[in-house]
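Enquirer: Those sequence lines, one after another, are chains E and H. Quick note on my numbering: the first sequence kicks off at 1 and runs consecutively. Quick note on my numbering: the second sequence kicks off at 1 and runs consecutively.
Heads up, some of the hints might be wrong.
Each pair may be met inside one copy or between any two copies, as identical chains are not told apart.
[Stated by the list, open to error] Taking lysine to any residue pairs in the SDA-like style, the calculated list, with each CA pair at most 25 Å apart, reads:
id, residue 1, residue 2
1, K207, R87
2, K342, D279
3, K322, M260
4, K342, A228
Worth flagging that the hints you see were computed from the coordinates, not collected in a lab. For clarity, every value in this text was computed on a predicted model and none was experimentally measured.
Listed here are the chains, written in short residue letters.
Protein chains: 2
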Amino acid sequence: MQRRDFLQRASALAALPLIGPAGSFATRLRGSAPLHVNGDRLNASLTAFNSVGRTPGGINRVAYSDADLAGRAFALDLFRQAGFTPRIDAAGNIFARLPGRDASLPPILIGSHIDSVTDGGNFDGPVGSFGALEVARSLREQNARLAHPVDVVVWQNEEGGTVGSHAAIGKLRAADLDKVARSGFTWRDGIARIGGSVDKLAEAALKSGDIACYLELHIEQGGLLEKAGLQIGVVEGIVGLRWSEVTITGFANHAGATPMDQRQDAVLAAAKFTVAITDAIRAEPGRQVATVGRMVVTPNTTNVIAGQVVLTVDLRELDTTKLERLQQRIEQIAREIGDSTKTTFQFRPLSSSLAALADPRMMAFVEASTKTLGFTHQRMPSGAGHDAQEIAQIAPMGMIFIPSVGGISHSPREFSHADDITRGADVLLNAVIGADAMR
Amino acid sequence: MQRRDFLQRASALAALPLIGPAGSFATRLRGSAPLHVNGDRLNASLTAFNSVGRTPGGINRVAYSDADLAGRAFALDLFRQAGFTPRIDAAGNIFARLPGRDASLPPILIGSHIDSVTDGGNFDGPVGSFGALEVARSLREQNARLAHPVDVVVWQNEEGGTVGSHAAIGKLRAADLDKVARSGFTWRDGIARIGGSVDKLAEAALKSGDIACYLELHIEQGGLLEKAGLQIGVVEGIVGLRWSEVTITGFANHAGATPMDQRQDAVLAAAKFTVAITDAIRAEPGRQVATVGRMVVTPNTTNVIAGQVVLTVDLRELDTTKLERLQQRIEQIAREIGDSTKTTFQFRPLSSSLAALADPRMMAFVEASTKTLGFTHQRMPSGAGHDAQEIAQIAPMGMIFIPSVGGISHSPREFSHADDITRGADVLLNAVIGADAMR
Chain E
1 MQRRDFLQRA SALAALPLIG PAGSFATRLR GSAPLHVNGD RLNASLTAFN SVGRTPGGIN
61 RVAYSDADLA GRAFALDLFR QAGFTPRIDA AGNIFARLPG RDASLPPILI GSHIDSVTDG
121 GNFDGPVGSF GALEVARSLR EQNARLAHPV DVVVWQNEEG GTVGSHAAIG KLRAADLDKV
181 ARSGFTWRDG IARIGGSVDK LAEAALKSGD IACYLELHIE QGGLLEKAGL QIGVVEGIVG
241 LRWSEVTITG FANHAGATPM DQRQDAVLAA AKFTVAITDA IRAEPGRQVA TVGRMVVTPN
301 TTNVIAGQVV LTVDLRELDT TKLERLQQRI EQIAREIGDS TKTTFQFRPL SSSLAALADP
361 RMMAFVEAST KTLGFTHQRM PSGAGHDAQE IAQIAPMGMI FIPSVGGISH SPREFSHADD
421 ITRGADVLLN AVIGADAMR
Chain H
1 MQRRDFLQRA SALAALPLIG PAGSFATRLR GSAPLHVNGD RLNASLTAFN SVGRTPGGIN
61 RVAYSDADLA GRAFALDLFR QAGFTPRIDA AGNIFARLPG RDASLPPILI GSHIDSVTDG
121 GNFDGPVGSF GALEVARSLR EQNARLAHPV DVVVWQNEEG GTVGSHAAIG KLRAADLDKV
181 ARSGFTWRDG IARIGGSVDK LAEAALKSGD IACYLELHIE QGGLLEKAGL QIGVVEGIVG
241 LRWSEVTITG FANHAGATPM DQRQDAVLAA AKFTVAITDA IRAEPGRQVA TVGRMVVTPN
301 TTNVIAGQVV LTVDLRELDT TKLERLQQRI EQIAREIGDS TKTTFQFRPL SSSLAALADP
361 RMMAFVEAST KTLGFTHQRM PSGAGHDAQE IAQIAPMGMI FIPSVGGISH SPREFSHADD
421 ITRGADVLLN AVIGADAMR
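Please model the entire structure based on the sequences and the hints provided.
Expert: And the structure:
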């Protein structure tokens, strides 16, 4: 879908009156005061969780590690303390249900993950997981029984490639199970360690219609909200991604004896390429990003002009057409720099994903919830991948962002303020109530 | 010394008539035809040597390895076949003497090395070593007995840091002996392996006056001669060198979620720096070179903006004042790019050496020899380091370059034509005869 069409449609839908079944709790709510979660309780659970998998380098709850198992045990306890009976599906995801009034309706699914990257923080994932549990708990405590069941989910191994949510939409292939996670366990062994059952993965697969919608609360992981001084991000979608490995071949030669104009310097070519694609990406409006994060030089010796550099380009953009155009521009820049530096550039696609657009109705529910609560907000893409991008393939998806201090994530310095976390959970709570009107 | 002064002086000296002792062979020669080496024999020895330490990756005669020992055994045999009696000094260097007429005169020293880099070629070192032996052999065969003795030397471990010639000028420190060579042996153990004796290093030390002068034939290792279509390079000196390790500190962050204008990207800063210093070095006339040959990125992950890059800068220039000015310019560029990219640059000096200027008389002898032989030539600096730079500290030094095909060196593709090798040895032969006139 073109970005413009999509934004027009979303805007039109957001303007529609939200009509639910007459007399429903959700409908009654809309004219009155919004509900609130217990923010102190939510933040206390996050504070307690902050010691699980904590190392001198940061939070290390990489999927399937002992620390991840400890984190899951913590989460299961929290579900039980909240009065829920968690179950683990065949893929190892944790689910718990708050029953609805109408047994014929599929659940509204809310949740996130609790595994971390290496040396990460305590907010990427847990905020949305415990926030979702707090939303379900608050609904029940406040006797706000919705028509739909509300399912709370904690996806397994998000950081290793949204493995749990990928399995939940039936897309995990048998061959994938041999992949090795950061913890050193294969996905197969990892799923067994966390109580799943790879032989029954088909039973874990959700089809279109199995859930009413999916909503995920998450930290932004960037600095847009903080910079704009806004409280809530209404996610328009998760950007599409193109990862390329680029091999630059020059010619290794003596750093002292080879005149500057007779070199085929792969490091210089890589440097020119990095500068040029950064300039090109920044030259046009929009929130597209491109990153050269990995660079391996051969022979990597002080007094030898490099014969080869292998680097990666990570390109992301919400609009698929623009993503493709930017990728072509990057490859064109490579050809030009190859010519001017007497080197060759070879591109190998490492990974790519299409943008996962938020459902316009979900954006409208989040936006309405935000407005009811009186919070400031903006629409924005998610530059990071999330489980929501998987679930978007089988159900209407929406995401809620709260500010990350300093835009820092995947770092021990990752932090979000307690008030922002409470605001995010409040928005999720009232968005769920809004979504309950959907049929 | 300023480059201009030095060139003026060299030029004035070269114009002087070369007066030797009346009636000496050398003096007699100058009016007549130049001598010639046996080029076929020289090239045959190089061809035979090409199988020693040959691996699929190239020549691997790294110092102190079994292949280096085999190379030295080959060289010792060659000395004996040529009728010389080689000796090994305490540092492991191989010496052999062609006696002179005047027992009171110190020797004219000629030679080079035979160890190689990893995956190197058969010309860097052996051409000058076997060339020097061929010169001494030719002098004796042609009954051209000089006043000075002629000593032929094969220095050990040139590629690992001119270790043998450094020891020969008495500068090798005890602490250096614990350094580990590419072969895995410490210098201490390596010297023992090649027949030296680290306890007697002082006996190997040459002082000022111990040798009359030093002349070294070597492949250019760059492409200047080939590009200019010239046969002989008269080396003006070995450039000074500044090696810096530069640590660029940014801030690691999420490659998807961090907007382009909120990054502190160490890879981007490294790229801008590499491009900018290359432009600065190329912007002014001269043969200065700067190389970023090593670059290590942290965390070096596709989807993480790099928080740190450690790179090296190898800067070389013959003129010490200019070298220092260029180093300051590079550090200024680093500060500017640090400011504009919100990163910091820290410089750590790794190594530095002053330029070793060729002696103007030696250049004049080489030039006179070249002219007598009718070869085309130019003066030029050596961008690569050589044993000659060590010996220049205790004696007048000169070097002769022959073309490297494609300017390629330290590579299995390193190559020099047999005719060029013969020409180089002929120039060395007649330069030695010229130098014999010195007192």
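Enquirer: Confirm or reject each hint.
Expert: Now for the hints, and whether the structure bears them out:
Taking CA atoms no more than 25 Å apart as the test, K207 paired with R87 passes inside one copy only; the shortest distance there is 19 Å, against 85 Å between copies. For the identical chains of this complex, K342 and D279 are neighbours both inside a copy (22 Å) and across copies (16 Å), given an alpha-carbon limit of 25 Å. When the C-alpha separation of K322 and M260 is checked against a cutoff of 25 Å, the pair qualifies only between copies, where the shortest distance is 17 Å, while the shortest distance within a copy is 38 Å. In this assembly of identical chains, the alpha carbons of K342 and A228 lie at most 25 Å apart only when taken from different copies (20 Å versus 44 Å within one copy).
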